[in-house]
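Colleague: Order-wise, the sequence lines are chains A and B. With numbering that gives the first Met the number 0 as the guide, the letters of the first sequence map in order to residues 0 to 280. With numbering that gives the first Met the number 0 as the guide, the letters of the second sequence map in order to residues 0 to 280.
Among the clues, some could well be false.
Straight-line C-alpha distance at most 27 Å; calculated DSSO-like pairs for lysine-lysine [what the hints assert, rightly or not]:
id: 1; chain 1: B; residue 1: Lys101; chain 2: B; residue 2: Lys149
id: 2; chain 1: A; residue 1: Lys152; chain 2: A; residue 2: Lys132
id: 3; chain 1: B; residue 1: Lys178; chain 2: A; residue 2: Lys152
id: 4; chain 1: A; residue 1: Lys176; chain 2: B; residue 2: Lys176
id: 5; chain 1: B; residue 1: Lys98; chain 2: A; residue 2: Lys15
id: 6; chain 1: A; residue 1: Lys203; chain 2: A; residue 2: Lys251
id: 7; chain 1: A; residue 1: Lys149; chain 2: B; residue 2: Lys98
id: 8; chain 1: B; residue 1: Lys203; chain 2: A; residue 2: Lys176
id: 9; chain 1: B; residue 1: Lys203; chain 2: B; residue 2: Lys271
id: 10; chain 1: A; residue 1: Lys132; chain 2: B; residue 2: Lys178
id: 11; chain 1: A; residue 1: Lys176; chain 2: A; residue 2: Lys6
id: 12; chain 1: B; residue 1: Lys132; chain 2: B; residue 2: Lys178
id: 13; chain 1: B; residue 1: Lys152; chain 2: A; residue 2: Lys97
id: 14; chain 1: B; residue 1: Lys101; chain 2: A; residue 2: Lys152
id: 15; chain 1: B; residue 1: Lys132; chain 2: A; residue 2: Lys132
id: 16; chain 1: A; residue 1: Lys203; chain 2: A; residue 2: Lys98
id: 17; chain 1: A; residue 1: Lys98; chain 2: B; residue 2: Lys149
id: 18; chain 1: A; residue 1: Lys176; chain 2: A; residue 2: Lys132
What the hints contain is simulated information worked out from the structure, not anything from laboratory work. Remember, it's a predicted structure, so these values are computed and weren't measured experimentally.
Protein chains: 2
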Amino acid sequence: MEIILAKSAGFCFGVKRATQMAFDAAGKHEQISSLGPLIHSPQMVEKLEQEGVRVCHQVEDISDGAVVIRSHGVTAQEVEEIEQSGLLVVDATCPFVKKAQKHADMLSREGYLLVLVGEANHPEVRGIVSYAKGDVRIVATPQEAGKLPKGGKIAMVAQTTQSLENFSEIVAVCLTKAKELRVFNTICDATSVRQNEARQIAGKVDLMLVIGGFNSANTSRLANLCKEVQPCTYHVETGDQLLPDWFEGKEKVGITAGASTPLWIVEDVMKKVKTYSCVID
Amino acid sequence: MEIILAKSAGFCFGVKRATQMAFDAAGKHEQISSLGPLIHSPQMVEKLEQEGVRVCHQVEDISDGAVVIRSHGVTAQEVEEIEQSGLLVVDATCPFVKKAQKHADMLSREGYLLVLVGEANHPEVRGIVSYAKGDVRIVATPQEAGKLPKGGKIAMVAQTTQSLENFSEIVAVCLTKAKELRVFNTICDATSVRQNEARQIAGKVDLMLVIGGFNSANTSRLANLCKEVQPCTYHVETGDQLLPDWFEGKEKVGITAGASTPLWIVEDVMKKVKTYSCVID
Chain A
0 MEIILAKSAG
10 FCFGVKRATQ
20 MAFDAAGKHE
30 QISSLGPLIH
40 SPQMVEKLEQ
50 EGVRVCHQVE
60 DISDGAVVIR
70 SHGVTAQEVE
80 EIEQSGLLVV
90 DATCPFVKKA
100 QKHADMLSRE
110 GYLLVLVGEA
120 NHPEVRGIVS
130 YAKGDVRIVA
140 TPQEAGKLPK
150 GGKIAMVAQT
160 TQSLENFSEI
170 VAVCLTKAKE
180 LRVFNTICDA
190 TSVRQNEARQ
200 IAGKVDLMLV
210 IGGFNSANTS
220 RLANLCKEVQ
230 PCTYHVETGD
240 QLLPDWFEGK
250 EKVGITAGAS
260 TPLWIVEDVM
270 KKVKTYSCVI
280 D
Chain B
0 MEIILAKSAG
10 FCFGVKRATQ
20 MAFDAAGKHE
30 QISSLGPLIH
40 SPQMVEKLEQ
50 EGVRVCHQVE
60 DISDGAVVIR
70 SHGVTAQEVE
80 EIEQSGLLVV
90 DATCPFVKKA
100 QKHADMLSRE
110 GYLLVLVGEA
120 NHPEVRGIVS
130 YAKGDVRIVA
140 TPQEAGKLPK
150 GGKIAMVAQT
160 TQSLENFSEI
170 VAVCLTKAKE
180 LRVFNTICDA
190 TSVRQNEARQ
200 IAGKVDLMLV
210 IGGFNSANTS
220 RLANLCKEVQ
230 PCTYHVETGD
240 QLLPDWFEGK
250 EKVGITAGAS
260 TPLWIVEDVM
270 KKVKTYSCVI
280 D
């Protein structure tokens, strides 16, 4: 049985950087907390807890030590709260998200109506909009953009994981609304690179495995995309969830993983797949 | 026979303003010239000549008096030449074109690669790009935009008569090229309003007349659009060009006119159509 592992499987730049910073900080500080789970991987969060990184859900629950800000960032108000509490900040916000936050701040100061393309309930989006000083709208679809007011000047930024296609369609709608349109393309292409590679591999294999937290939106999306190409696709969190009969009669297995899936979980799955492969072969 | 006259037929705001300014100036100055024909209507240019407005093709041909700058503007270098020659300037540049010139100046000073969407040989486009201080590209199609360099920041303006559809498609291409995209929608909707109304009327009638100079790009485009809907469409410059047999058996006649067609020509055509109508009825 042949195994094809996606080159883009696993941690993106921002997640890799954030976990590294959390582990480094854990080695330096007695008390360390992350505001919300650092990444959407229960296994990695557990590992971090073993190193002393405690998950807290609000600033007031943290009385002492250092606070790690997770890769998709927090709100400007939360940063202020942390600073006022005298806590030490380990800012692991992804530099691409940070850029979007800075644009939101600058553009709203310059009097633009700020349009953020993304999902209103996503923590990254809540973080970015909190930096806007003026009027701001969160828009997920071209239809929603159709309801924006006409006239004036509009500035746009995107949630870093948005698809360029959706962003582009919303830009076209905003073009009919504003005399001036200023667009910062804050999309990080790690998502589309991973999705395109996964789709390509899914088209070549007869079994596709997508590894990542069940609470990870990007992993679930990845699994759905693969399922469209190869109906025999499974979303698993760990190697323990693999079932031997999935592999019966299969000749090629494709593997990819979400942006928050640690390498050791991918390696564990690989190892287990090889075991099944040997048994079957 | 019923006649439907388009509400949007004839002079747009900029052309109306420019001819008014030329007639006013002719009443005030002994010597008056226009740099190029004021508008693309040979009949109106002739009328202006009778009032003393001479057509010149370069600044050095004008030795004295006032110079009218036509509605689609001239280049920054020509304006400088006129000013250095001590000639009096009557600036009849359309305010919408003026705005595009100002944006080109400001945006290129701010370090953007300026992309002007339009026809490279059109005087309006030559005028606008002449105000750019830095790197500037004229792009007519999405395919041409595909050749733009990647990275950096791009600013965009449009020739005022461009279609929003084409502009929007080129914006989408530029979005894949730049981290920052700043778009000034300098399209004047007079063109699309006139085109949409013409298409609508052409669909209801069995004969369509489009009036305007044979050298007028916007009139020719209007005639072509009507022809797509109603093959029995004629482009005429004056009422004298109407042929009686066009009207035989026709029950509804639609009439529109280009942006540079004077009202008196439209009225003359209307009068002649009514004459044929009476003969036939």
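Colleague: Identify every previously stated hint that the structure contradicts and give their numbers, smallest first.
Modeller: 5, 8, 11, 15, 16
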